[in-house]
Amino acid sequence: MSQPVVLVPLDGSEQALSALPVAKVLSEIESAALHIVYVGEHEPAVDEPGVRLGREVPVLEGYTIDARVGAPAAVILQVAAEIKPRLITMCKHSSPEDGKLLGRTAMKVLQNAPCPVVLVPPERGATPWRLHHILVPHDGTPSTSAALPPAADLAQRGRAELLVAHITNIGAAPAESGSFTTPFYVDQPQHEWPAWTSEFVRRLACVCPLGHLHVRLFLAHGNPAAEVLRLSKRQSTDLIVLAWRGTWEAPRAAVFKGILREAQCPTMVVRA
Amino acid sequence: MAPTVDPGWIIVEEGFTLTREHELESLFTIGNGYAGSRGSLEEGSELSAPATFVAGVYASEPGSVPCIALVADWTRLSATIEGNPLRLGQGDDLEHRRILDMRQGILWREWRHQDGAGRITRMRTLRLASLANRHLLVQCVTITPENYSGSLSINGILTGPVAQVTINGITIAMEVASRVMDHAGHRTRAIELIDGRHNVELTMGKTYRLDRIVALHTSRDTTEPHDKARGHAERAIEDMAGVIGEHCDAWRARWKTSDVPVDGDPAAQRALRFAVYHLVTAANPRDDRVSIGARGLTGTAYKGHIFWDTDIFMLPFFILTYPEAARALLMYRYHTLAAARAKAARLGHRGAFYAWESAENGEEVTPPFVIAPDGEVIRIFTGEQEQHISADVAFGVWKYWEATADEHFLVEAGAEILIETARFWASRAAHEEDGRYHIRGVIGPDEYHETVDDNAYTNGLAQWNLEVAAQVVRLLTERWPTECRALSRRLALEPDEPRRWLRVARDLYTGFDEQTGLFEQFQGYFELEEIDLAPFTPRNAPMDVLLGRERIQRSKIIKQPDVVMLVHLLWERMPPEVRRVNFSYYEPRCGHGSSLSPAIHALVAARLGDTALAERYFRQAAEIDLADNMGNAAAGIHIGSLGGLWQAAVFGFGGLSLSGEKPEHNSNLPRSWHSVSVRFYWRGRRYELVVPEGIKEIGHNP
Chain V
1 MSQPVVLVPL
11 DGSEQALSAL
21 PVAKVLSEIE
31 SAALHIVYVG
41 EHEPAVDEPG
51 VRLGREVPVL
61 EGYTIDARVG
71 APAAVILQVA
81 AEIKPRLITM
91 CKHSSPEDGK
101 LLGRTAMKVL
111 QNAPCPVVLV
121 PPERGATPWR
131 LHHILVPHDG
141 TPSTSAALPP
151 AADLAQRGRA
161 ELLVAHITNI
171 GAAPAESGSF
181 TTPFYVDQPQ
191 HEWPAWTSEF
201 VRRLACVCPL
211 GHLHVRLFLA
221 HGNPAAEVLR
231 LSKRQSTDLI
241 VLAWRGTWEA
251 PRAAVFKGIL
261 REAQCPTMVV
271 RA
Chain Y
273 MAPTVDPGWI
283 IVEEGFTLTR
293 EHELESLFTI
303 GNGYAGSRGS
313 LEEGSELSAP
323 ATFVAGVYAS
333 EPGSVPCIAL
343 VADWTRLSAT
353 IEGNPLRLGQ
363 GDDLEHRRIL
373 DMRQGILWRE
383 WRHQDGAGRI
393 TRMRTLRLAS
403 LANRHLLVQC
413 VTITPENYSG
423 SLSINGILTG
433 PVAQVTINGI
443 TIAMEVASRV
453 MDHAGHRTRA
463 IELIDGRHNV
473 ELTMGKTYRL
483 DRIVALHTSR
493 DTTEPHDKAR
503 GHAERAIEDM
513 AGVIGEHCDA
523 WRARWKTSDV
533 PVDGDPAAQR
543 ALRFAVYHLV
553 TAANPRDDRV
563 SIGARGLTGT
573 AYKGHIFWDT
583 DIFMLPFFIL
593 TYPEAARALL
603 MYRYHTLAAA
613 RAKAARLGHR
623 GAFYAWESAE
633 NGEEVTPPFV
643 IAPDGEVIRI
653 FTGEQEQHIS
663 ADVAFGVWKY
673 WEATADEHFL
683 VEAGAEILIE
693 TARFWASRAA
703 HEEDGRYHIR
713 GVIGPDEYHE
723 TVDDNAYTNG
733 LAQWNLEVAA
743 QVVRLLTERW
753 PTECRALSRR
763 LALEPDEPRR
773 WLRVARDLYT
783 GFDEQTGLFE
793 QFQGYFELEE
803 IDLAPFTPRN
813 APMDVLLGRE
823 RIQRSKIIKQ
833 PDVVMLVHLL
843 WERMPPEVRR
853 VNFSYYEPRC
863 GHGSSLSPAI
873 HALVAARLGD
883 TALAERYFRQ
893 AAEIDLADNM
903 GNAAAGIHIG
913 SLGGLWQAAV
923 FGFGGLSLSG
933 EKPEHNSNLP
943 RSWHSVSVRF
953 YWRGRRYELV
963 VPEGIKEIGH
973 NP
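In order, the protein sequences belong to chains V and Y.
Residue numbers for the first sequence, in our numbering: 1 to 272.
Residue numbers for the second sequence, in our numbering: 273 to 974.
Because the hints were derived from the structure by calculation, they are not lab data.
The C-beta atom is built at its ideal place from N, Cα and C for all residues, glycine as well.
Each hint should be verified, as a subset may be incorrect.
As the list claims (entries may be wrong) - Not the full set, but computed from the structure, chain Y residues with beta-carbon under 7 Å of chain V: (1) SER425; (2) ASP646; (3) VAL649.
Claimed, not checked - Just a sample of chain V residues kept apart from chain Y, beta carbon distances all over 12 Å, derived: (4) PRO114; (5) LEU217; (6) ALA254.
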């Protein structure tokens with residue numbers, strides 16, 4: 001079995017480098033090789049990637065640099081198709097685009113990636129990253145559970161704590177069969193809440209084995225994106241893992257977009 | 273034998289959605305009031321939670337409240353074909369369907385499975401808890417190898433707790449007898465390797481059947497439960513057809529007295545039969561030391577504890593259609609009087625203060641606090657403050673007496689409950705400077721508001737309790753003077769006590785405003801913050817979660833009917849205008865945070881003639897367990913709500929009134945219902961109400 005790979009696209013900008021500390025830790029946790037793809041619109045100078053990466057090279061032993069020319073997103077996806085990475089870790093955008101959720105490249109990669117994508121806010125810069133707390137927002141639908149296996153796997157390998165947030169809000173119960181939301185009826189809280197918590201965790205455990213993983217379940221109410229971000233800040237989470245159905249339609253995508261846009265920590269997106 | 277086909281009698285789950293397993297296990301529970309078994313998959317799944325419960329058997333861990341105990345899982349079966357396990361999701365599931373056959377009281381499963389080698393196996397399983405002989409649990413599996421011949425290994429060893437176990441001093445013995453029959457109905461030469469495991473050589477196209485009977489006896493029923501169970505299982509396995517036939521006959525007889533046929537609304541029809549099915553599976557007329565927990569015998573939620581749900585929400589169904597079961601439930605309250613007296617005495621009161629949550633012996637078992645998922649530690653006051661439970665028990669006693677005229681019960685047990693609960697109220701109510709009696713520091717049915725003074729429901733029902741107790745003493749004195757003297761001596765009943773009860777009742781503060789016709793739910797309620805619920809609709813969380821506990825306590829939002837509940841129970845005491853204004857005031861302020869709420873709103877709305885609103889609430893109540901997108905029923909069905917649903921159909925839409933000398937009715941059918949009918953017992957006679965036609969007498973009590 002070949003060694004897993006974490007793919008890190010760079011484009012020569014300072015912002016793009018913010019993905020490196022995150023990719024480095026993730027590759028260590030995954031026992032994966034780091035595959036850096038440098039993509040430019042034109043042929044790079046002989047040592048351009050090395051020059052650009054100069055600061056980082058000492059801490060990135062064992063990495064591979066792959067310099068390519070072409071439309072960035074297409075090239076990144078081409079490389080991903082070739083090397084089948086476990087993760088793609090990249091900066092959300094390399095240059096500020098007002099009002100845009102993600103840069104054009106990141107958006108295209110996210111939409112077409114064959115694996116989970118970790119999006120790193122450029123504001124992180126080169127600050128070292130660690131993985132102690134992983135937050136998974138869960139709306140109680142079976143499809144959202146897609147975020148759990150990679151999150152739990154990362155938490156187990158990285159000995160991190162898994163935090164699961166269920167946010168209630170005004171609105172109808174999800175139509176998806178098998179959903180498990182906040183109980184509409186709490187006949188007796190002394191019985192209902194322990195039963196609900198136990199059921200929620202058991203449903204998580206049936207999606208992915210939790211083993212000895214430390215899982216904490218949080219229930220909050222309000223705007224889901226705002227509550228997840230608030231909880232993320234309060235719990236100092238290092239990574240938010242989101243399940244995405246591949247559409248941008250409201251209302252669910254509104255939560256997804258809200259978290260993706262505002263999260264101060266990296267966000268891993270897993271296709272539901 | 274085959275499953276019922278009529279969709280009005282069956283709940284069907286096609287395919288397999290793993291995350292629904294816990295709900296389905298609750299919905300598909302089989303039971304007979306003695307035992308109940310969740311409808312888990314025989315071979316299990318990642319989310320299976322098989323459980324079998326024996327009514328009245330609780331396990332107690334030091335430092336925690338008792339919880340209904342799990343006994344051995346007798347439903348577990350694992351089968352392999354040529355060494356390959358038959359499991360859902362392994363290979364191709366060509367067909368998979370589970371059917372709760374409510375008419376026959378059977379859980380069916382039909383499954384066609386193709387393994388990796390292309391072998392197609394057809395299986396059908398049947399599972400039941402005999403209603404004819406409550407100690408028997410039955411499982412049959414038919415297996416047909418459609419396109420191959422090969423070897424089958426099938427293993428049905430009891431799993432979980434051992435077959436004989438002692439829990440809280442009660443020994444539970446389970447014995448299994450099994451056999452394998454070939455296509456001609458003869459026992460095969462199957463080799464029983466060890467208890468419950470068989471190897472069979474299958475011939476293509478032939479059908480084989482594994483029969484298993486589990487006999488379940490406890491030391492509460494017999495001194496030798498193990499011997500009794502073994503003998504029982506061995507005899508029963510020789511007459512499987514007879515065992516199943518008698519069970520089906522028992523269900524047929526039960527439906528004859530309990531069915532509520534609805535014409536015009538198939539969903540309502542199915543929901544009502546679902547309600548009746550689970551009510552019947554939870555009750556055992558032969559055991560008066562047990563009652564029905566808030567989730568029946570369908571799950572561990574609520575720990576099997578018994579609440580007012582039984583007395584107020586379920587009991588009317590049993591009183592009118594299954595009076596012997598109603599009597600047993602009331603006798604549980606009689607047997608637990610000692611604990612209720614001790615609780616009252618502990619708090620410095622006389623009489624009987626029943627446990628808000630009770631288990632095997634009636635002692636208070638309400639957990640004192642809970643940690644909510646948001647981390648908040650919630651102190652639970654219901655055990656001390658939800659005192660209306662005593663009047664609720666008394667209410668059930670009196671309704672049973674009114675409906676059955678069961679003199680023996682009244683004299684031997686019912687009167688004592690009525691007297692002791694009245695005594696509690698007489699000592700609990702405090703005479704104050706305004707010349708009125710007040711009951712302060714309680715929680716009414718609306719549990720959003722704690723430690724309130726003069727809750728309308730509590731005081732209204734206490735007043736009723738005091739008056740009825742005085743009435744029953746008068747009745748005993750007149751009709752059974754000898755028994756009355758004996759009871760008075762035993763209870764040290766003083767001659768002027770009934771007069772004092774009536775004085776307290778007369779002067780008890782009720783919160784009723786003559787000008788508006790409104791009851792104030794408790795003192796100060798009208799000054800609370802008004803919050804419009806419309807912007808919070810629809811929602812999928814209760815209002816106390818959305819607003820927070822502190823805010824909700826400062827608001828007029830209520831959790832469930834409180835004054836409206838009083839209107840429902842004391843309907844005949846309320847002038848029509850009082851019923852109407854109170855419903856109109858409180859209904860828009862109800863957040864329905866309790867599963868008991870929608871059915872009562874349906875009932876009262878129907879009786880007030882608002883059938884469209886009633887129908888909406890009825891549907892909401894019907895979906896509490898049957899909707900497939902909220903997971904409400906994962907840890908057990910809401911049997912109190914099911915009792916409420918039955919009441920909404922019978923007293924609400926059917927308009928059945930039992931306040932006079934003869935049953936009367938007033939048609940309140942919703943637009944989609946063409947008719948509804950119900951058969952019931954009333955004072956020694958049997959009646960049939962067909963709405964809109966009318967009521968006719970159809971016989972006497974058996």
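Status of each hint after checking the structure:
1. SER425: violated, 27 Å
2. ASP646: holds, 5 Å
3. VAL649: Not OK, violated: VAL649 of chain Y not within 7 Å of chain V, min 11 Å.
4. PRO114: holds, 25 Å
5. LEU217: Violated, because the least Cβ-Cβ distance between LEU217 of chain V and chain Y comes to about 6 Å, which does not exceed 12 Å.
6. ALA254: holds, 17 Å
Checked against the numbered hints given earlier, the structure breaks hints 1, 3, 5 and satisfies all the rest.
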